[in-house]
Amino acid sequence: MSRTAVVVGSSVAGVRTAQALTAGGFEGRVLVIGAEDAEPYDKPPLSKHFLTGAWAAGRLSLLNGGPSDERIELRLGAAAEHLDVADKQVRLADGTRIPYDVCVIATGASARPSPWAARDGVHVLRTLGDGAALRRDLLRGGEVVVVGGGFVGAEVAAAARGLACRVTIVDPLLDPMARVLGPAVGPLLTGIHERHGVRTRFGTGVVAIEGTSGDLRVCLDDGAVLPAATVVVGIGAVPNDGWLRSSGLDVANGVLCDEYCRAQGTQDVFAAGDVARWPHPRHGDHVRVEHWTNAVEQAACVARNIVRPDEPVPYRPVEYVWSDQYDWKIQIAGSPARATDHTVIGDLTGDRPRAAVAYTDAAGRLAAAVTLNWPRALVTCRRLLAAEAGFTEALAELDRPARARPAGRRP
Amino acid sequence: MPILRADKGACQGYANCVVAAPDVYDIDDDGVVVLLKESVPEEDRQRVEEAARSCPVSALAVEDE
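The listed protein sequences derive, respectively, from chains A and B. At position 86 of the first sequence (counting the first as 1) the number is 86 in my numbering, and the numbers step up by one without a gap. Going from the second sequence to my numbering is simple: count from 1 and add 1000.
Certain hints may be false.
What the hints assert, rightly or not - The calculated DSBU-like cross-link candidates involving lysine-lysine, where the alpha carbons are at most 35 Å apart (straight line), are:
id, chain 1, residue 1, chain 2, residue 2
1, B, Lys1037, A, Lys48
2, B, Lys1008, A, Lys48
3, B, Lys1008, B, Lys1037
Just so you know, these hints were derived from the structure itself, not from any lab.
Full structure from sequences and hints, please.
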């Protein structure tokens, strides 16, 4: 008898799960349900090439029409409202009930809403619609204030600068990037903004945003008031798990899963991507990861565990995320936040340094690495992290290519 | 045999392909993808397609002859 896999969410995790199911030998029907009307699209370019106009929306498509894509059924513009685990059905907002044999929760995350309300002109950036609206406003020109100095904020600032806007970034932390990059690299990224003419007000919080699009005022906690035509608030994301509240699943900042990415207490419900929280074997606690590569790798693992239920594999990825800011390529593997110490390989100075920072943990292993403009070193680090290499061994291996080619050379 | 294609202009050096299929993909010192093979045997198709799908800028394709 033919089985039906229902993937809830047209996110990259949802689409890649569906693709991996059809390509990986799942014989039955594969249906992807998406809340948005838009064909499934990819999100990283929204704060980069799409915002600058270098890429049109058509280039963001997650489906390429290959043989494994043709078998995927899409139901778009249909928000899931309830998951009935006992009866194995997904209920949509219009009341339709969709039965499943296996269900994958991949509803992703939403931008954390702005706590400051103005009539209009205050943007968040998460969806294609958000990106198009922000781009329209940026093209008018004028002052832009970006609230939040994380990845999205920094990339939006760089893109807005590229569109000739005057840009200020505000963040309550003195060194906002240090959270993800560690103390060795964080301050460099403050410098790169300033070098590109973007003003930073780090260590300063926002107390209110007033006015209307084209004529906004951002009030800071030091008493300053920044005029702005457009404001972008990039202060993180929240998992889209509210629709599961009635399901009986264990949901708390994401869907609690086992190490095989199965929702806790179920056999036929899985979760992948931003919405999944699972026990990472290497970290010894539950993690939820919002990175693109995690969504893709977790999707592949979930599909594999669905197709081969007799030999499930635990999900134990090496975290990987990148950020493109101005002409810098910043790549991070592992979690610098868990590190105890670090060593710099190469030279961090200069307008476009080519260097790596390797982080170690209490057990003396390589715990994480951040590379600047040096993708090859990052590949080495991802391999060493997966092998749980010792820190000394990792440094020796990283030092070889560093010596072979002097740091700081431009490509 | 499935034929491998890479768009070197689109490649951004994210290198997910190298991690997923190091016998097929590599990157050079400037962070641009290098194909180590022109084609792969049919039994490798699924694994290599998965590596191609892990490219954040869709620079890789696995095509039929």
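Okay, the hints, checked on the actual structure:
no. : hint                     : verdict
1   : B:Lys1037 with A:Lys48   : 31 Å, holds
2   : B:Lys1008 with A:Lys48   : 19 Å, holds
3   : B:Lys1008 with B:Lys1037 : 15 Å, holds
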